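Participant: Guided by the hints, dock chains B and C onto chain A, whose structure is given.
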Amino acid sequence: MIPGRVVEIENLSFYYGAQRVLNNLSCGFAGHSICAVTGPSGSGKSTLLTTINRLWEEVDGARVEGVVKVLLDNMEIDLHESKIRLAQLRRKVGMVFQIPNPLPMSIYKNLTLPLRMAGIKNRDQQRQRVERVLQDAFLWPEVKMRLQSDARLLSGGQQQRLCIARAMILEPEILLLDEPTSSLDEGAVSEIENLLLNLKERCSLIMVSHDLEQVARIADSSVELVAGSLV
Amino acid sequence: MSRIYDFTLSLFAGVCGLLLIASVAVMLGFLVGQGGSVLGLKLIFGSTDFREIIDIILLRQVVINALWPALIGTFLLVFTALITALPLGLGVGVYLAEYAGKPAKVFFSLIFDLLAGVPSIVIGLFGFSVTIYLHSHFSDLMPCLLISGMSLALLVLPYLVRTTQSALEELPSALRVTSFALGAEKSSIILLVLLPQALPGIFSGIVLAIGRAAEDTAVIMLTGVVASAGIPRSIFDNYEALPFYIYHTASQFSNQHELQQGIGAALVLLIICTLLFTGAGLLRKKATHHFLYHSK
Amino acid sequence: MFLGRPLFTADFFNLFMSSVWAPDQHLFGILPFVCGTLAIVILSLLIAFPLSLGNAVLINLLLPQLPAKFLYRIVKLMTGIPTVIYGFVGISLLVPFLREWSASGSGMSLLSAALLLALLISPTMILVFVESFTAIPQPHLNAVAALGGNVRHKLIYTLLPGAKNGIMTGLLLAAGRALGDTMIALMVAGNATAMPESLFASVRTLTAHIALVMAADFDSTEFRTIFICGIILYLGTLILTLTLRVFNRNGSNADLERGLS
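Protein chains in written order, with the numbering used here: chain A, 885 to 1115; chain B, 22 to 317; chain C, 435 to 695.
Derived from the structure by calculation, the hints contain no laboratory data.
Take the hints with a grain of salt, since some may be wrong.
[Unchecked claim] Between beta-carbon pairs, the in silico distance windows are:
1. C/P530 <-> B/I75: 36 to 44 Å
2. C/P573 <-> B/V127: 31 to 39 Å
3. B/N276 <-> A/G901: 52 to 60 Å
4. C/T677 <-> B/H278: 47 to 55 Å
5. B/I25 <-> C/V680: 33 to 41 Å
6. A/S1033 <-> B/T295: 46 to 54 Å
7. A/G901 <-> B/E191: 25 to 33 Å
8. A/R1000 <-> B/E191: 36 to 44 Å
Nothing here was measured: the structure is a model prediction, and the numbers come from that model.
No residue lacks a Cβ here, since even glycine has one placed at the ideal position from N, Cα and C.
Isolated chain A (complex conformation) (with noise of 0.2 Å):
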């Protein structure tokens, strides 16, 4: 793998039933830099970024070819080969979905729920983990006083908000982000996108994004897909 590089990708093909969606990819992802990848719609986009954390396997139908290779704890990980447990990758690469999915409870619980699956059951580690992300999220003002409420009584900025805190609770080291601030409005938009650079120096995103000023705005690097290829 190239030094510098935390995702390395090589004829990637990816086929969801007879169709093809993405085209003998070859391509790479920098650590620690906000890479963007950017394309019209039904592109693949979002398809490529379920090969990083491998959720295209949620889907019946959907199948594989090629090679994934992730660097993880200083190790090169290949995807596809490798023995590692799903949930085990997933806590290293977390996901953020184009429209915010926190779950049916209390802001808190959403939080710690990734704690508790991961095994994480003292609850002081809990609250002290729970308050730096909302603090590392710029959300922790806004609903230290409400943290038994329900997530869904949140606004749009703010569950997105929650739910990139969610993703980061577990401190992975890349994070996926499909079209973060599609969904939202200008003022949680440009919120949303100073809390992505300040992320930066934690993890390394890999953010699809339609909005190519946005790109520009806070992007390092970025691949440009049309119907499953790279242009």
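Facilitator: Leaving out everything else, chains B and C in the frame of chain A:
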């Protein structure tokens, strides 16, 4: 540690699935294996001689030890039940879908929910009480085909009303709007436009009701079915029915042959019910398919 | 007209008054039968609930599309099997089997009835469970998966909490069906008139009692007891149906029972 929980969950679920499938397989295997050989004209008519069979059908010859009377009985039963329940069920269904206001809908929905929840034997008991009441006050009425048919009608009424109502309510509103815009009377719209469109859904309800009436044993046990009565001469007679034949055989068979007859009967009932059930499902699918492709 | 259900109470009002506390030949009146009914209903629910939950998890979470659809179709078909058939197969297969296995009694017992009843009510329960699992929005499941959750996590943190209503509905529907079933209890539970003592004891349910006594003569006190049984059964299902409506605003007994919704 959590791996063990995961494994246990999958194992448990798998076992559940296997148990279910195994039970069904055993049941089917038993019925088909033991009874498959008995299926045939002999089971139904008691003989394989075509001339005898025609005689039997024309009521010139009596059948003993075969399913024919039971089949006829079940058929007549279902017929009576439908004649009673259909007009009422469709009528109320149409009323609820097209004319009733919210409070009426809630009220009837409650009533029919309650009715649908009543155990079949209690409905049979009701039918029986009605018989006794009429017997002591009016004629010499005894439990008979008519009473059974009407009790069964009570049993299937909720299904008929519910499916008719849903079938009509699920019609695309565009259909109604265009018909009204053409200036037609409400009743003619219902008869000429809506009902025909809702027909597949309504039919699926009817087929379901038929199945339910054909398979029920508890109601008929209290209202007139007997083990051997031949073909009933009128609706005030006792009669035989397939599900009761099965029950009776099961509790009182004395030799292998009789048991096999019972198994054959069970197979026939199973086949009938499965066909009806799948038919209803297909009709229901056709109803939705219809709207996806034909609504303008 | 439809409220005529109470008709049979009114008609036999005097009966009602006279037989309520009649000791008659049966021990404690109809109490053994009430216990019999309760016993097989509770036991069959205890068996059917985990069985149905397991199958629903199998269909919605564990199995890939093709086997899942296959299992679902089989379950759907099962809802069309008449209870007499379960009773018949029970008598022919299960009863002799249990007779050998437990080396006690005739094999016709609480246990055999409960097992068959569980088989009868499970398909409906499975269908309701699957429907309520399917109603959980996919984004929730995606969130859990992306956070490193597996099947068990999805079940515990999204499906079960979200499907609470559906699970209650399934349980209540199944309970209603178990309560009101006649044929299985009649053919396989033994019909002895004593209080149920053990799993292998012969029991008689309210429903079976009604069916059995019908064959007796009119106008004996014994005969009148069947009306009390009927009233009790009616009240029982009344309570269940009303509770069901509380939990499930839009569904209905008729639809759900036939897997139509």
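Participant: Work down the list of hints and note, for each, if the structure agrees.
Facilitator: To see whether the hints hold, each was checked on the structure:
no. : hint                           : verdict
1   : C/P530 <-> B/I75: 36 to 44 Å   : holds, 41 Å
2   : C/P573 <-> B/V127: 31 to 39 Å  : holds, 34 Å
3   : B/N276 <-> A/G901: 52 to 60 Å  : holds, 58 Å
4   : C/T677 <-> B/H278: 47 to 55 Å  : holds, 48 Å
5   : B/I25 <-> C/V680: 33 to 41 Å   : holds, 38 Å
6   : A/S1033 <-> B/T295: 46 to 54 Å : holds, 52 Å
7   : A/G901 <-> B/E191: 25 to 33 Å  : holds, 31 Å
8   : A/R1000 <-> B/E191: 36 to 44 Å : holds, 43 Å
The structure shown violates none of the earlier numbered hints.
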